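**Q** Protein chains in written order, with the numbering used here: chain A, 1 to 229; chain B, 1 to 623.
Note that these hints are calculated values from the structure, not bench results.
Computed far set for chain B versus chain A, every beta-carbon distance over 10 angstroms:
(1) Pro183
(2) Asp436
(3) Asp517
(4) Lys552
Among chain A residues calculated to face chain B with C-beta under 7 angstroms, some are:
(5) Leu48
(6) Ala52
(7) Thr56
(8) Met67
(9) Ala70
(10) His157
(11) Thr161
Given the structure is predicted, the values throughout are model-derived calculations rather than measurements.
All C-beta atoms in this analysis are idealised placements derived from N, C-alpha and C, irrespective of residue type, glycine included.
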Amino acid sequence: MATTVTSTKTAEKRETRSGGGSKFPGPNGKGPKGNGNGGGRRDPRRGLSPQAYRVTMWVVIAAIVMMFAALSSAYIILSFDGERRRVTMPPMFFLSTGIITLSSFTIETAKRSLQRENESSYRGWTIATLVLGLFFLAAQVLGWRELAAQGVYFASHPHSTFFYFFTGVHGVHLLGGIAGLSYLAIRGRRKGKVGKVMPEETSAGLMSLYWHTMDALWIWLFLLLLILK
Amino acid sequence: MSSETHEAVHRHEAPTSFIRKYIFSLDHKVIGIQYIILALTAVVVGVTMSVLMRLNLSWPGTSWSILGTLFPTGAPGGIMNPDFYLSLVTMHGTIMVFFVLTTAPQGGFGNYFLPIQIGAEDMAFPFLNMMSFWVTFVGFIVILAAIFVEGNTTIATSALGVWLGGGSGSTVGPIGGWTGYAPLSAVGVVGGPGQGAGMNLWIVSIAIFCIGSLLGALNFITTLLNMRTRGMTLMRMPLTCWAWFTTAVLALLSFPVLLGGGILLLLDRTVGTSFFIPGGLVFGSSVLNTHTGGSPILWQHLFWFFGHPEVYIAILPGMGATSHILSTFARKPVFGYRAMVFAIFAIGLLGFFVWGHHMFISGMSPYSAMTFSILTLSIGVPSAVKTFNWLGTLWGSRIRFTTPMLFAIGFVSLFVAGGITGLVLGQTSLDLPMHDTYFVPAHFHLVMGVASIFGMFAAIYFWFPKMFGRFMSERLGKFHFWLTFVGVYCIFVPMHTMGMVGMPRRYSQFTEYRFLDSIHPLVIFVSIAAIITALVQLVFYFNLIWSVFKGKKAGDNPWEATTLEWNTSSPPPHDNFAGVLPVVYRGPYEFAVPGAPNDYVMQTEPDASTEGVGGNGHNGHKH
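Could you build the full structure based on these sequences and the hints that come with them?
**A** Have a look at this one:
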């Protein structure tokens, strides 16, 4: 029976020893930063690097994309199976597609302004994106009214349902993006608060990643509704 | 580096108020225990339901006066009616799969031990972690509410019950099986008993559960990828961490699909859309004219695209724990560590492409069926890799037969016994006659039900000393193991025979089926075995509660194991490592290292102490 149970105390000693200098090789021979993930300079409570937040955002996006994949495949399956009635694509949806595509450019510009440390330009483009996002949502709602004017309602038949359903579910996800943008825009006005949880570049990067995803998702849904009838 | 040490000794204190410490706690260890308690509660409900089902199957028509008192409409005069039975089937399946097999192995043990095993102080997002538990808890409350809103006439006809969709009162909950197949689940009260408010709440509960699981999965993935301590490379992680990680990825990619499908189903039921309801369905003498153009098979696709990964969500953590525990008590490194990692990933990956094998009788094209069949059978390859590696780990070792070890070996046995019949059901031509017979419940109960429960038992006996600083009673544990082990085989092996004779699943009684008369003694045997096995679990509950207070004291590393959780005190402090994160120098299963002073080398042991080992420390397990 072994008796040398390594306690936290010996771990502490070792830690102090390895903290001697940067020449001391890391435990896996990859230098003092170890594997480049853990350890390092890390506030124990907010233990995440910008890279970690990016991973998190990608994980969130993976979940969202999977849900839209499921809904899209429902649409595709029903387009082969179901009894279809034609729904004319409301012109407003063309407009909203244009708006959200444009907003992808504005948020990208915002992100790049921040990288060039042009804060006022960053704030301006962020607000522009926010406004475009709101315009997009307004256009979607107007699109619903155009559908209703065609006599096509939510539960009329499977094809019409998807027009409302896709826009609705996408809109809810976009609302999350609008909430994030509003937060960035408001926070940007109060200088002292900027980047307390994470650097401003990180939050701007995450925001643009989410926004581009929303843009791509809408274009996908729009094309699906437009082409596969 | 010096700043690291400086920062590392900064400790954040544990919360002191009762509510922040034990109820709305951000501590992953408390949340893990909360998940385990949730599962321990849910499993009592689920097992009670299965015992009620067994009673009805073996002694149909008997009057159980207590049932008549509890459910005056579902069991008038104490005699269970068929609707009651079918809702038991539904709720047993739902509660067991979601609130037991998905919560405890991943949310419970994963939450508690993943951060410690990778040397982190907590999960990446403690608040999300807390939300994930409480959202899941709300889901559990909603599924319990489904029982009463659907099954109690007073509630079902009250304003609330009507607002929720009404109910029949003759059941104890919704009817639809845990799969909730459309169109029955989609049409609403016109579909008959068990299709009212309870079904709505069932869907809502599952949707809530999806959200809770997604929050959990997000946390697991982020934590594992970003919070590993110095030296903890991916290939130095314990196999438990690999299993939890793969499980989290499966949950992340499959629960959104169920969530999407659930929303569609709820829309069909509440606002009159027709995703899953084709036109012209006939109920009794009336034709359903309000819906048109939907596809019932679509629900099956959406459900099983989630449902198949879900069974791996249940079993993979058990595989991880088994690998971990087998190695510890065989005092040998896991045989083929890398192969084990790749096998877990292969199982997880293939799990996404085989959902069609649940739908062979849905009328799918024989070519699709063949594709699904081949992919399904190919899962046998990584499964066999794992099985042979477990046997390889045990081979020639001096096994310490502790209770956790017995349960881990039991896991291997059950996984093989249940997996073998998967090869039968995975082939279209054999599945067609077997489908919807008892052969299928026999198969999946062994391989994903009882096997993952055994994984949990192994885990709780193994980690209990770490969680509470005391051992569970070995004597009671071994009693619990042997009776449960023999018991579950007595329950589920005869079910294969019943299936081959042609006994259909989900029938409340077989009194009108003369060809099944000859196997009725077998049905009674299974019921007796089930009742005894269920009662034996009381010993486990007693052992669990008794040991928290009175168990034999355990040290920091009572099993002489190697991974990081055995490096800290039992139970671990609030921040896991008392402010100093451990540094990892080697792989997780360094047992019986030649030249080392003990027969185990902890992951935190620097190379100097095992000089002359010949590089074994760095390269892990290349045997």
